[in-house]
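Put the two chains together into one complex; each comes in its own frame, and the hints tell you how they fit.
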Amino acid sequence: MTDTSEQLYGRRVPLAQAPAKLTGQTAVVQVGRRWRCQRCHQLAGETDRLPQNVPYCRHCLNLGRLTALTKLYTIPEPNRFRMVTDSPLTWSGQLSPRQAAAAEQVLARLKTRTSQLLWAVTGAGKTEIVYPGLAWALQQGWRVAWTSPRVDVCLELAPRLAAAFTGIPQAVLYGGQPVPYAYRQLTICTTHQLLRFDQAFDLIIVDEVDAFPLATSPLLQGALRRAQKKTGCHLYLTATPGEDLQRQIKRRRLAVTYLPLRYHGYLLPPLTVKIAWHWPDRLATGRLPRGLVRQLRAYRRRVQRFLLFVPHVADIAPVLRALARLGMTHGVGVHAADPQRTAKVQQMRDGAVDFLVTTTILERGVTFPNVMVAILGGDDPVFSTAALVQIAGRVGRHRDFPRGDVVSYCQSQTRTVRRAQRMIRQLNRRGRRLGGQA
Amino acid sequence: MRACLWCGRPIVVPVTLADIWHWGPLPTPIICRACRQRLQPIGSAKCPQCGRQQATVQRCHDCERWDDAFVNHAIFPYDAALKAYMQQYKFQGDYQLRLVMQPLIREALAREHYDVLVPIPITAATWRTRGFNQVTGWLTGQPFQQVLTVSAASKPRDQSSKTRQERLQTPQPFSLVAGAATVLAGKRVLLLDDVYTTGRTLRHAAAQISLGGAQAVTGLTLAR
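In order, the protein sequence lines correspond to chains W and L. Heads up, the first sequence is in UniProt numbering, so the first residue is 1 and it goes up one at a time. Heads up, the second sequence is in UniProt numbering, so the first residue is 1 and it goes up one at a time.
Excised from the complex, chain L in its bound form (with noise of 0.2 Å):
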């Protein structure tokens, strides 16, 4: 019996005489029922503009804030189970639950429009610590250009343990690097990160990318 990946506890899958009929492998969940049911997406009531679930479909007080033109689509909502995921595979380190998201991520690329997907980096203090990349871990052979950096001086801290304010005051952390702008002159880019806060990161890479010569640039996140 299968283990979920998620919580642990084994997963039943009930065999129907469908499936028997149909003389092929069982379906085999990587994840318990439960577990799935934990994660809900984002319905239609959403911001247009971020992506955040709400009761209307107008935009948010915080796009309303930042009063420009960047779009942003969200998975899920970043709940309490989405917190939990994101504690484990993130800032614990469980690199075998980028599995639970792949074919949540690969559905949500199929429905983008883009030329280009730049998932964004992480800095080399990171990459020693956490030793992934959260973003292209969830890729499953789709192609990426890794067209951004970032430096390590820029983020003395994490995002996730700041305050709103101290997040939109965070100055520019990203680069370009050698020979981006032949990637990405006249393309369409979309932006892939873990999760949407504030925005700042996001447009923060936005306008890079919209400075390599990008002819549109939108985002997609794992969570709002």
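Okay, chain W solo, but in the shape it has when bound (with noise of 0.2 Å):
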């Protein structure tokens, strides 16, 4: 076989010269009176067209144009890697007893070829708890994929998984990658990049599978389906499965393994709501809720350093000077559009700063060893139950400091507020009956 014949295994991708003895399948096909991408099977608007009335698929425009006259070529996948007959696996860290317990549990729904869900508390380790599994399924010379909705997670997952697997060649696949496409046994890659696979892998790993756009976003649950083949079955690692996962769960169509505890064995820090009554309009002069100002007047004698999220970019500002005002200097505000975002989350990682005022973007991937939480106006439509449970998971995430507070003001209870908080506690109350402390 051919060097291009390989790049097309599993893929579903439009070729620039048709290859010999291929048939290629039309890229947009009429469905009734409406057009259908063959790659993103979204349907095409009904003015999505060029000049000669030929329809073309805007949803997945970032892949390259699909038309009504490209042509998709596919190859089945036929797991063509060199056979591994050791363990791949490379990696020397030892898992805690509660992690190896559930690697365990992974490892024989992944032999039953079951898909599952992997419920791990932030902190957890859940990359390293399913080692064992990836391990078993690579040596079965299946095709997987680590993916994850979110760039930077594929980024800083590829260097631990390619010290993790030394043996096993892997590719990294995201908008923009600077390499070409390459068949290999891992592939990790974001969930836009699925599109181009068909019925590719034995197994998929879905990394933060709660994260935007994937949970909101039918495309690419579409994309995940496809990519996975007839007989495959993927793998859901989340510390806060949303409502449509929970239902499943309840609805026993999932199989789940819960780790309720972190790698320390500490219970997450409950969530804490007070309520501050029109804090917009003090802040627009210059105020802070009462509380929040005693709560971190406190940590300054006390010398912690602190997170303060707010709901909006434009919260940052007015917020840092009614710190000021109350002689709270050492800190920045950080947002998602910061052209210095990295290195001012390095100052405070390194003790620089006391404190970071932040948006929504700190909410998950982000560790320092000793910090505090509070959000002002947790109950902000931006939070979403999701958000606040990850939240909460940046405090006691160190073995030395694994307990502090996260306090939330509110203007109400709102129902997302009151979910994260029951996510949290039940999440504890699991914990402790495997002996979690608080």
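Treat the hints as calculated values from the structure; they're not laboratory data. It is possible that some hints are incorrect.
Over 10 Å on every C-beta distance to chain L, these chain W residues come out as not near it, computed from the model [stated by the list, open to error]:
no.	residue
1	Arg11
2	Thr26
3	Arg49
4	Asn62
5	Arg65
6	Leu69
7	Phe81
8	Thr127
9	Gly351
10	Phe368
11	Arg403
Label-pair ranges, simulated between beta-carbon atoms [as the list claims (entries may be wrong)]:
no.	chain 1	residue 1	chain 2	residue 2	range
12	L	Leu99	W	Tyr181	31 to 37 Å
13	L	Leu104	W	Arg113	52 to 58 Å
14	L	Gly213	W	Lys71	26 to 32 Å
15	L	Val12	W	Gly365	28 to 34 Å
16	L	Val12	W	Arg113	43 to 49 Å
17	L	Ala124	W	Tyr181	26 to 32 Å
18	W	Val313	L	Lys83	21 to 27 Å
19	L	Leu104	W	Gly167	36 to 42 Å
20	W	Lys71	L	Gln58	52 to 58 Å
Glycine residues also receive a C-beta, built at the ideal position from the N, C-alpha and C atoms.
Shown next, in the form of structure tokens:
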């Protein structure tokens, strides 16, 4: 087989030159009076036409335009990999007994090709728990994808997996990647990239399955479904499954492995709610809620570092000004479009600043050893239930500082806030049964 | 609720009492307010010859180097927003995005004085891959004459992938179609193109149009 056919194993891609003895599928086909893209399976808009009335798909335009004249080529996945006889796992770390038990359960379900969810609290060591199962899957000659809706998760993960599975060649795919696609047994990619695959993977691991935009995008959920082989299975990883996944668990449609304790064996800090009436009006006059001021003053006396979450980027500057009036000047504001974002986060890690005022961008994926958290306006719609639980998970991540406060200042108790409190309570109840400490 | 044609976010149209009073269909913008604000037209401070946005109204450095009389007008500076637009419209081939610029091109054409409108053509190879001419896509019924053709052999590479030096050394890619002289003779011709970068393409086209017997040739581009 030539090199080009390898490029098509389990893929669904357009080619500049049609290969011999391979018939392509039309990329945008007519369904009734509408047209449907065969890559993203979305309906093209009525007016999405090229001059000669040729329909094209705007939904997956970023992956290269498909029109009714384009052909998609695919070769069924042959799993043509070098046989791995020994365990490919070269990771030398140790799983804690609780992690090992969870890993064992994950592996057992993989062996029966059962789709499952690993629900582990933030800071439980999800990635490492999957290693034994992944090693087994690779040994079976399975083609595996490790995907996440967030590109930064993929980029952070790739070197870790490369170190843990040194013998397994991996492909890393994301929008604007510098290296071209290669046929590899282990693919690490963003969920968007799965649109280019067709029944390729025996196992798809979805990291941060609740993260934006996967949770709300039928396009990406369809991509997950179609990239998986008919005989394949998936493994979802999350700390905060959404309503839909929780419903599937309740109805026993989805096997679940819980890990309600963090790696150091302590419970999650509970989310405290305090009512702060009209805090936006007070903030407009340069004042913060009294309770928050008292809390932050206490931190300052103890030289305790903290994160203050606000709903919108526009709130950061007034909050910083209000804090400066209280004499708290050793902090900075960080938001998504901040050019110095990584530098400021690093300053916080190094202890160069005492606090960060930030938006939901720091809700997941960042670890500071010893911080407390306050949320101003936790009832704002930008803070979803998952976001609040993730924010609570920023506290107590270090073995030496396993406890802390998470206080949300709200104008009213909303459903999302109560759901977040309930999710933390439920996880902690399970954790206590396993001997977790508050 | 409508989604913005460009960024896909929902468009929120505030309904005022006046709108209700007028008792007609509500104005339905095709792009959202944020996208509209990204597009900032060139103001009055610009180069009088090529239309480039600058602090003064003197002839710009590039035009000094050309040292000729070809005049171009441009609507937008070729900034980050316009680059993003051209990337999606022209290079990704999102033909629907033509609707974003159609009203702006219509207004700009109304301000120009010309007899014959000549859009810059694309090669046959580009027609096959892109499927549309990005310049004529912006036209909404304005009459135009496709008197120029471009030979594929003369464009082995995209202009946009070259350096300034390479672009300036591009040989003449255009030729006139048969019978162009009858259309052009004694007429004021306006050339329409997407982006004016070095001015090379437009000047090549203008030279051919002049050979066809046009009285005057000027240019209009979306971006400079």
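Hint check results:
no., hint, in the structure
1, Arg11, "20 Å, holds"
2, Thr26, "15 Å, holds"
3, Arg49, "7 Å, violated"
4, Asn62, "7 Å, violated"
5, Arg65, "4 Å, violated"
6, Leu69, "8 Å, violated"
7, Phe81, "34 Å, holds"
8, Thr127, "32 Å, holds"
9, Gly351, "36 Å, holds"
10, Phe368, "33 Å, holds"
11, Arg403, "41 Å, holds"
12, Leu99/L x Tyr181/W: 31 to 37 Å, "34 Å, holds"
13, Leu104/L x Arg113/W: 52 to 58 Å, "56 Å, holds"
14, Gly213/L x Lys71/W: 26 to 32 Å, "46 Å, violated"
15, Val12/L x Gly365/W: 28 to 34 Å, "31 Å, holds"
16, Val12/L x Arg113/W: 43 to 49 Å, "47 Å, holds"
17, Ala124/L x Tyr181/W: 26 to 32 Å, "30 Å, holds"
18, Val313/W x Lys83/L: 21 to 27 Å, "24 Å, holds"
19, Leu104/L x Gly167/W: 36 to 42 Å, "57 Å, violated"
20, Lys71/W x Gln58/L: 52 to 58 Å, "54 Å, holds"
Hints 3, 4, 5, 6, 14, 19 from the list above are not met by this structure, while the remaining hints are.
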